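With these hints in hand, go ahead and build the complete structure from the sequences.
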Amino acid sequence: MSSPPQALVRFQSQKSLAHRLVLSTLTGRPIHVSQIRPSSYANPGLAPHEISFLRLLEAVTNGSRIEISYTGTTLVYRPGLITGSAPGSGASAGVIRHELPAGCVKGVSYFLIPLCLLAPFSKSPMNVLFTGPGVITSATPSGDMSVDSVRTAILPLYAQFGISNSIELRILQRSNAGTGGKGGAGEVQLVFGHQVRLPKTVHILSPGRVKKIRGVAYCTGLSASNNARMIEEARGILNPMTKDTYIFSDVSSAPSLKSTDKSNLNQKGKTGVGFGLSLVAESSTGSLYSADLASPPSGGVPPEDIGRQCAYQLLEAVSLGGTVSLAAAPTVLTLMAMGSEDVGRVQLGRDVIGNESLVGLARDLKAFGASGWGVRDATNGQEGDVVVSVVGRGVGNVGRKIA
Amino acid sequence: LHSTQRQYRVADFARLLYDESLTPAEVIRKWRGEATTAELPDGSASNDKVEEDENFFRKAKNKDEDDEDRLIPQYDYDYLAQKWSDSSNLEQLRQRFATANLMEERHGNEAN
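Residue numbers (the numbering used here), protein chains in the order written: chain A, 1 to 403; chain B, 1 to 112.
Quick caveat, the hints were computed from the structure, so don't treat them as lab data.
Incorrect hints may have been included.
[What the hints assert, rightly or not] Distance condition first, Cα-Cα at most 27 Å in a straight line; then the derived DSS-like pairs of lysine-lysine: (1) B/K83 / A/K243; (2) A/K211 / B/K83; (3) A/K243 / A/K212; (4) A/K212 / B/K83; (5) A/K366 / A/K15; (6) B/K30 / A/K366; (7) B/K30 / A/K15; (8) A/K182 / A/K211; (9) A/K182 / A/K15; (10) A/K182 / A/K243.
Quick caveat: nothing in here was measured; it's all calculated off a predicted structure.
Structural data, given as structure tokens:
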């Protein structure tokens with residue numbers, strides 16, 4: 001197999017770096033990213049979570065090449081084939097262990113959501129265990145959703161694309177963000193066993209009405225009363241909207257961190273203490289809207305506030321309208337762009353499509369050779385909704401096609 | 001210039017979306033019909049000329065903060081609390097919930 005060297009797709013800044021890397025891997029086009037935090041005095045260049053994400057890409061692909069400049073502000077990534085957790089490529093007993101460093105400030109959903117986008121196109125099933133001192137399963141102050149929301153608001157979306165079998169996200173150890181928002185020592189395993197050649201073309205046009213609200217209140221290393229207090233407050237706001245509101249309570253002990261202090265190896269520290277709430281509203285047509293909030297690492301916020309603010313955040317997400325929430329839109333639009341060469345349509349609220357990150361995504365997709373999005377006014381649903389039509393690229397499973 | 005323009009027109013958005021001379025933030029502002037001139041990307045009015053001398057001594061703003069990816073936007077929860085305590089806002093939102101009484105709503109529309 002020999003293919004002519006492809007021109008690098010060039011980007012600047014660290015903005016949506018993970019998503020650009022995913023698009024690069026899916027389309028098989030190498031990228032060059034410059035100006036990564038060039039003017040930051042404290043931490044110029046790639047951050048720990050980005051380096052860790054590159055390592056993860058290296059683990060689930062075969063033949064990827066990564067070049068990082070001396071200062072870390074420039075990156076060249078040449079994607080390989082997505083192999084998943086195939087034997088003989090870093091996986092032991094079919095599981096890839098991925099350790100996140102202690103300095104990681106991003107929640108594990110930062111890794112999970114892009115990884116889920118790669119998984120359907122993988123050669124063999126994806127089975128990755130996230131472990132180490134940097135795994136935060138809760139929502140984070142840096143704007144990540146919790147693992148619970150990934151499981152209940154992102155993964156179900158794949159079913160609409162005909163990807164629904166043996167997908168599982170196991171939360172083995174919960175953790176909130178540790179001191180200073182860094183690290184947490186949780187443990188999460190993603191099993192994504194449904195590989196397809198091409199995702200189905202979708203037409204998601206009917207937002208429906210919200211009929212039920214589900215949620216998970218979690219606390220690690222704290223009294224269960226925190227959960228009760230969050231739930232009580234959130235229900236107080238949500239119950240008048242829909243009676244079918246049920247919030248689960250999950251209490252776990254805080255993960256212990258092995259001491260790195262050589263003089264005192266037996267001393268163990270607790271980390272990732274805190275609480276949080278994940279709420280998901282489901283409509284009659286299966287549209288999902290999620291909200292996430294966790295206690296800040298510095299503490300000092302009563303659980304009532306978290307419960308109330310999370311409920312308001314959910315109402316806000318529902319009020320934006322459309323069939324796909326802001327947090328899930330990148331996933332849906334990317335899968336549509338990777339579908340067969342047919343026009344798929346999705347209805348989005350105008351403040352969802354009118355979001356910086358989605359405009360950026362539209363441009364990134366175009367840079368990778370996808371055709372532009374068509375937009376028009378929606379005929380049903382909330383006033384101001386926009387229908388986005390996306391033509392698939394038909395590349396589907398890059399890995400299998402070339403290999 | 002854009003004050004007379006209708007806000008949120010889809011045709012405008014289609015035109016602006018791939019206009020590479022605009023940053024995504026500018027696209028959004030234009031589409032919403034918000035003022036684009038005399039405003040810096042960080043939202044503060046440009047009265048720098050007066051303070052140019054002071055600027056020299058001021059610590060440069062760390063713009064990298066704004067460039068970090070956030071899946072969940074930073075909300076002003078006081079504003080949200082106010083918005084969703086307001087009964088007319090809640091009534092409007094109720095349309096998005098299955099609990100809304102459709103018969104009554106239709107009846108009300110007929111009466112109007």
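Check each numbered hint from earlier against the structure, then list the numbers of those it violates in ascending order. Numbers 8, 10 - these are the hints that the structure violates, sorted from lowest upward.
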